[in-house]
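J.: Sequence:
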Amino acid sequence: MVFKLKLAYILLSLLALAFCIVGYSDVSLTVIAEIKEDGTASVSEAAYISLNTKEEIEAFDLNIRFAEDILSNWSRFSPGGNIKFHFSNGAQPANVHISPKRDYTIGYSIGLVNFTYDIRSPAVNISKSGRVTHYTFNGRILGFEGVIPKGTKFTLIFPKDSVIVRSYPEPTEAKENALTWTGQVKASRWEVVAAKEKSLGEEVGEFFYEFYSEMLSLIPLILVSLFAFFLVFKLTRPKPK
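The opening position of the sequence shown corresponds to residue 0 in numbering that gives the first Met the number 0, with each subsequent residue numbered one higher.
Quick caveat, the hints were computed from the structure, so don't treat them as lab data.
Each residue gets a CB set at the ideal place from its N, CA and C atoms; glycine is no exception.
Check each hint, because a few of them may be wrong.
[Claimed, not checked] Each pair of labels, with its calculated beta carbon distance range:
1. 95 with 179: 21 to 29 Å
2. 144 with 91: 16 to 24 Å
3. 80 with 218: 53 to 61 Å
4. 120 with 96: 34 to 42 Å
5. 43 with 145: 41 to 49 Å
6. 52 with 160: 21 to 29 Å
Please model the entire structure based on the sequences and the hints provided.
T.: So, in structure tokens, the structure goes:
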């Protein structure tokens with residue numbers, strides 16, 4: 000039975016590629032990128048597609064059962080190219096996890112390909128001045144090719160307690176540390192900057208933590224020095240007559 004299902008999966012895949020019978024339609028795409036304090040990012044993408052025929056539904060269901068956890072195995076279901084890594088710096092993203100399913104809450108013929116991954120190379124450039132850290136978004140790693148298309152929502156979340164200093168293109172929605180763009184939006188140039196200021200208490204706490212850590216690192220040296228002093232004193236002390 001399993002062999003027959005695998006054979007059916009292969010045949011449907013070959014038919015889709017050879018005869019272009021795939022009539023899948025893109026419904027929507029949501030991309031959420033959460034910037035971490037070290038400049039890396041965790042990204043979540045959700046691509047909704049419409050399965051327009053019985054054959055398409057069967058092909059999608061078979062892909063859920065047998066496709067490996069590789070994103071390229073799902074890209075053929077999105078004619079508009081929604082199923083891809085929209086954050087890419089040339090290197091393979093880390094910790095990729097794909098969660099495809101049929102979303103019956105929306106409709107019988109709606110498929111959802113949700114995938115998450117991490118970008119280890121900086122998604123933002125970091126600069127510090129006093130107690131303030133600035134995060135400047137690196138728009139070159141974003142794969143929207145100059146336009147956030149209609150039906151696409153892109154959210155950029157900066158580290159907690161940061162505030163948006165500058166944002167271009169103009170966001171559809173803005174919060175203290177998050178911006179959202181809902182397509183269609185021209186996005187050939189990005190100037191997005193957030194700032195986070197340490198409180199005086201945090202700065203004092205970090206100072207004492209670093210001081211304490213440095214003192215701890217000196218303890219072995221102090222003990223060795225005391226032991227050496229003791230040996231020298233012991234060896235050089237005049238013996239009683």
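J.: Any of the earlier hints contradicted here, and which numbers?
T.: Per hint list: 4, 5, 6 violated.
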